[in-house]
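If you read the sequences in order, they're chains A and B.
First residue of the first sequence: 1340, per our numbering; consecutive thereafter.
First residue of the second sequence: 57, per our numbering; consecutive thereafter.
What the hints contain is simulated information worked out from the structure, not anything from laboratory work.
One or more hints might be untrue.
[As the list claims (entries may be wrong)] Stretches of chain B that chain A covers, calculated by requiring three or more beta carbons in the stretch to come under 8 Å of a beta carbon on chain A:
(1) 149-161
(2) 294-306
(3) 322-333
Glycine included, each C-beta is placed from N, C-alpha and C at the ideal position.
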Amino acid sequence: MTIQFNDETFRDDYSFHNSERAIKRFPFPFDKDSYMYAVNMEQHRGGPADSVYEKRFDVDEHYVSEMRDRAQVLADDPLRCQSLPHMTLAGWDVLELIMTCKAEDYPDLFELHRDGDRWRWINKPLGIDDTFTFLDETTLPYGPMEYITRQTQGDFAVLDQRDDNLWMDAGMVTTQADWSLDFDIGMNFFEWHAPVPLAHEKGIFVRALKFLLNIQQGAPARRLNWTMTVNPLLDTSPENYHKWGIQKTTLTPQNIGAKQHLRVELQTFFRLPRSNGLVFPIRCYLCAFQDLMTVPKWGRRLHRVIRDLPEELATYKGFIDNRPMMLDYLSQFDDGLPTSNGIWPDLETEPPLQK
Amino acid sequence: MSGAEKIHVRVTEKTPLNALVTRFRFEPVDGGLLPTFSGGAHTVVEMKDGDITRLNPYSLMSDPYDQDAYTISVRRDDEGRGGSLFLHNQVDVGDELTISYPVNLFSLDLRAKKHLMIAGGIGITPFLSQIKQLDRAHGNWELHYACRSEALGSYVDYLTTTHPNDVNVYYDDQDQVIDLENLLDGQPLGTHIYVCGPKGMIDWVRGKAADLGWPREAVHYEEFLAPQPGKPFEVKLAISNKVVQVGEQESLLEAIERAGVDAPYLCRGGACGMCETRVIDYAGNFIHRDHWLEDDEHASGEKIMPCVSRFEGKTLVLDR
């Protein structure tokens, strides 16, 4: 299907919007009416047609505008992209992975022509046509990871694997849910997850690390994570908290449907063949509450999940103060009917709102 | 389906190197490109040996960036259960085999200022691919390679011809021994040690490095264990509700798979930890042979690594 790229902003006037198609393919993260942490990993090998799972690196209507926003964030703060000296080979791995996947999955948008180490990369939506020498950094305008992730939606944590642990030794992070690459760079898996409540006690991270260390070439994995964001901001970084944190106080019962967004991360994990590292793309999808409420099943379920979420999680995810107002709004869309299992909208089979 | 992804390959060369070691070249059956890999990776080769399916790990020794073919070198083990004998005696040019995607449990630490490699016998193979990777990146490395004799020194000629200043060879039958203490003492800051060879050599290098105060993270080693034959025993698989007899020439993992139970695995050599299995009940003695579990876990009777470890006794019930 041809993609019409939106011309929109994720700052100032917030002209970001989801088309009807984008709402239907939104990765709603709750597969039942309650939520608790789990190592909810599955194989990343496609999914239903036009879902965000279908392609290895999903490209959607926000692509061009998201890349423009990333360039702006980097211009203001170059430390959002960092790569320790031993991670250059992993950066080439990331470039090769993304270029080969996009050229295969979206042949009308991207082309990769290889003649030995001489590669030509064509990115039609962004108007790029570059020829370079693979594994020779001097032939690209940026390092290999920065070059390709300036052209790919989602944040990227590039992890070195050694001593039975993973190390945050490179990354491109401009669309994050309140964590900082500049703070985490060089940390291991347990160190960078230290702020997360409840999950350590449940042994989640020990199991998750064991799973990740064993991810193999040719067998990528994925999971969904979520939080809440007021206004469609991609850059909710600690560095800029003074700009966006205050916006959480601007919610009113009148504007909450349009301003309050559910923020979902599609996290995928790929073993990198040449470096034996791992790349961890964290793709952010935003959807306004009022758009989510057009899917009756999601309206019923979101109310129940937010209502029953443990206080520690609502605090950690940063919406404990706004929860009562959210529940007032969401309760209008919960008629008490049962919901079907799984994350999909099920528009044909789930009844419309009964009130 | 357990294990890494699979690749169908054809044997395109079979080259005897000396009395014990033969090299095999694999090319993809579909004519496509093989995945690249990182130096030190291995592949698990699947062998249909009569009723038994053997899956043995072998280090990839070819250039990690060569996507046309993989090569492995196999040392014949006349005392073993037959995996290497099968490859030596029953596999020929033109035969098709299934191998796994590359898996690396012995990768280079790319932070190292220098890579100091110590190999014993067939333990040379992972270093061959690591050297190719490092040469391409102009890495700083040095190899010390101990062989039994000149006649059994696989790839000595190749290594000393291509890298005369970086390769040092020691022959046991000429009483040449690596002067380990001096070697380790003279290394620049930021050096990492890699050792692959017989267990005795690995223990020697790790012990000496620890004595000299090397950081644990700077010492890397790999030893694949071949499952050893042993007395037959019976195992009950609680989840799948099956009772399986483990034969003399068969590993516990192979017996579980033969019973149609899909058990996780990767290296099948006691190193990666994937096949770790909980013991529900037992009466008898474990023969633990893996590198994965700690001594107290071996003593606890609560876990077993079925790829290489066995059991002698009356009752063994596993959570599988």
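* Asked: With a cut-off of 8 Å between beta carbons, are at least three residues of the region 322-333 of chain B near chain A?
  -> The restraint on the region 322-333 of chain B holds, since 4 of its residues have a Cβ under 8 Å from chain A and three suffice.
* **Within 8 Å of chain A (C-beta), three or more residues of the region 294-306 of chain B** => violated (count 0)
* To do: State whether the coverage of the region 149-161 of chain B by chain A holds or is violated, taking the criterion as 3 or more residues with Cβ-Cβ distances under 8 Å.
  => n = 4 at 8 Å, threshold three: holds.
In this structure, the one hint that does not hold is number 2.
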